[in-house]
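Number of protein chains: 2
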Amino acid sequence: MIVVLAGGTGAAKFLCGLVQVVNREDIYVVGNTGDDAVFFGLHISPDLDTICYTLAGEVNSATGWGLANETWHAMDTVARYGGDTWFHLGDRDLGTHLYRTARLREGAQLSAVTEEIAEAWQIGVDLVPMSDYPVRTYLELLDGTEVPFQDYFVKLRHSVPVESVTFRGASQAQPTNGILEAFSAAERIILAPSNPIVSIGPILAIPAVRNALEKYRDKVRAISPIVAGAALKGPADRLLRELGHEASVVGVAGLLADVADTLVIDEQDAALAKSVSGLDVKPVVTNTVMSTPELAKKLASVVIDC
Amino acid sequence: MIVVLAGGTGAAKFLCGLVQVVNREDIYVVGNTGDDAVFFGLHISPDLDTICYTLAGEVNSATGWGLANETWHAMDTVARYGGDTWFHLGDRDLGTHLYRTARLREGAQLSAVTEEIAEAWQIGVDLVPMSDYPVRTYLELLDGTEVPFQDYFVKLRHSVPVESVTFRGASQAQPTNGILEAFSAAERIILAPSNPIVSIGPILAIPAVRNALEKYRDKVRAISPIVAGAALKGPADRLLRELGHEASVVGVAGLLADVADTLVIDEQDAALAKSVSGLDVKPVVTNTVMSTPELAKKLASVVIDC
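In the order they appear, the protein sequences are chains A and B.
Here the first sequence stands for residues 19 to 324, numbered as in my numbering.
Here the second sequence stands for residues 19 to 324, numbered as in my numbering.
Keep in mind that a hint or two might mislead.
[To be verified] Covered, in the sense of this in silico footprint (three residues per stretch, anywhere, with C-beta under 8 Å from a C-beta of chain B), are these stretches of chain A: (1) 56–62; (2) 98–105; (3) 130–140.
[As the list claims (entries may be wrong)] Taking CB as the label site, the calculated pair distances span: (4) A:82 / B:38: 44 to 54 Å; (5) A:158 / B:177: 52 to 62 Å; (6) A:152 / B:156: 49 to 59 Å; (7) A:124 / B:152: 18 to 28 Å; (8) B:307 / A:75: 46 to 56 Å; (9) B:203 / A:190: 52 to 62 Å.
[What the hints assert, rightly or not] Output of the computed footprint for chain A on chain B, the stretches with three or more beta carbons under 8 Å from beta carbons of chain A: (10) 54–66; (11) 98–105; (12) 120–134.
Just so you know, these hints were derived from the structure itself, not from any lab.
Think of the CB as a built atom: it goes at the ideal place given N, C-alpha and C, for glycine as much as any other residue.
Extracted from the complex, chain A is given alone in its bound form:
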C-alpha cells in the first residue's frame, strides 16, 4: 500500500501520475481539511473535492479545481443580490456541497461522506479526510487581523503578508480511523508536492499523525513543491519566506526533516542537494515539474523507487 498526504491541485496532479504506476486499490490518500470552510451554510472541502474530481477525470483543467463543463447560474443569482461571489461555486460542483452538507447535518462523519462521494465518482483509490474533527487553518496577517484560509487564499489572492499560521483544533484532533493503520501497513508514505505550510502543515499538526510519521520516517518520501525558489502555483514560496524559512528546497527540507527521510527535488535545484543532505534529508534529484501526464507518471515512479 502507498499512502499519500495531499493538499489540492499539486497533489491531485501527482496522484494522476501515481495511478499510472500503482494499482488504484493500493493507494490511500489522506486529504487536508484545514482549508474546509462554510459558505452560504454549505460545508466545502476544497482539497478533497479537487482530488476526487481530478482522479475522476472531471476536474476543470483550466483552473485545476472545480468541475469541467461547469455553469455558474447559481452564482449569477447571488450576484444579482449583491452577495459574496469571490468563492466561486459552479452549479455542478454545488451538488457536492449540498450533498455533503445534508449528510453532515444528518450526523454522518466527514470521512463517511467523503467515501460516498469518492465512490460515486468511481475514483478507485481510498480518499480520507485527515480527521473527522474540525481543524481550521487561520492566517494572522501582518496588520494583526486573523483570517480563515479561504479568505487569505481566494478573497485576498494570497497577496498579503502573513505573520503566523495556526491550525485551530489540530491539537485535540484525532486522525480519521484507519490512517494510523495505513501508515503502519504502507510500503511508502508520500508527502505530495503541496504547500508544506498550509497543505501538508495541517495534517502534520495532528499530534498522532506527526508522531506516527516520525516513527515511520524511514519510509516517508516528500516531494518539494518549490522549484528554483518559487512555487509552481500558490503562495508556498512567499509563505516560507514570511515565516522565516528559506524559499527553496532547503527550506522545505528543514520543515519536513523530522518526518521525511527523503526529499525529491527538481533538477533545477541540483546544486542545493548538498544543503538538503546537511539537514539529514536524502535528496533525490529528478524532473518534478508535471507539465504532462507522462512526466507525472515518471515522477511517481521515481518517488516509489527511491
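Let chain A serve as the given structure and place chain B on it in line with the hints.
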C-alpha cells in the same frame, strides 16, 4: 393601500392581475412562511420566492414555481450521490437560497432579506414574510406520523390522508413589523385564492394577525380557491374534507367567516351563494378562474370594487 395575504401559485397569479389595476407601490403582500424548510442546510421560502419570481415575470410558467430558463446541474450531482432530489432546486433558483441562507446566518431577519431579494428583482410591491419568527406547518397523517409541509406537499404529493394540521411556533409569533400598520391603513385586505388551511391558515394562526383581521373584518375580501368543489391546484379540496369541512365555497366561507366580510366565488358556484350568506359572509359571484392575465385583471377589479 391594498394588503394581500398570500400563499404561492394562486396568490401569485392573482397579484399579476392586481398590479394591472392598482399601482405596484400601493400593494403590500404578506407571504406565508409556514411552508419554509431547510434543505441541504439552505433556508427555502417557497411562497415568497414564487410571488417574487412571478411578479418579476421570471417564474417558470410551466410549473408555476421556480425560475424560467432553469438548469438542474446541481441536482444532477446530488442524484449522482444518491441524495434526496424530490425537492427540486434549479441552479438559478439555488442562488436565492444561498443568498438568503448566508444573510440569515449573518443575523439578518427574514423580512430584511426578503426585501433585498424583492428589490433585486424590482417587483415594485412590498413583499413581507408573515413573521420573522419561525412558524412551521406540520401535518399529522392518518397513520399517526407527523411530517413537515414540504414532505407532505412535494415528497408525498399531497396524496395521503391528513388527520390534523398544526402551525408550530404560531402562537408565540409576532407579525413582521409593519403588517399591523398596513392592515390599519389599507382600504382593502384581500385573502388571495390560496389554500385556506395550509396557505392562509398559517398567517391567520398568528394571534395578532387574526385579532387585527377580526377588527378590520369590514374591509377584508377573500377569494375562494375552491371552484365547483375542487381546488384548481393542490390539495385544498381534499384537506377541507379530511379536516371535517365541506369541500366547497361554503366550507371556505365557514373557515374564513371570522375574518372576512366577503367571499368572492366562481360563477359555477352561484347556487351556493345563499349558503355563504347564511354564514354571515357576503358572496360575490364572478369568474375566478384566472386562465389568462386578462381574467386575473378582471378578478382583481371585482375584488377591489366589491
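### Query
Against the structure shown, which of the earlier numbered hints fail to hold, in ascending order?
6
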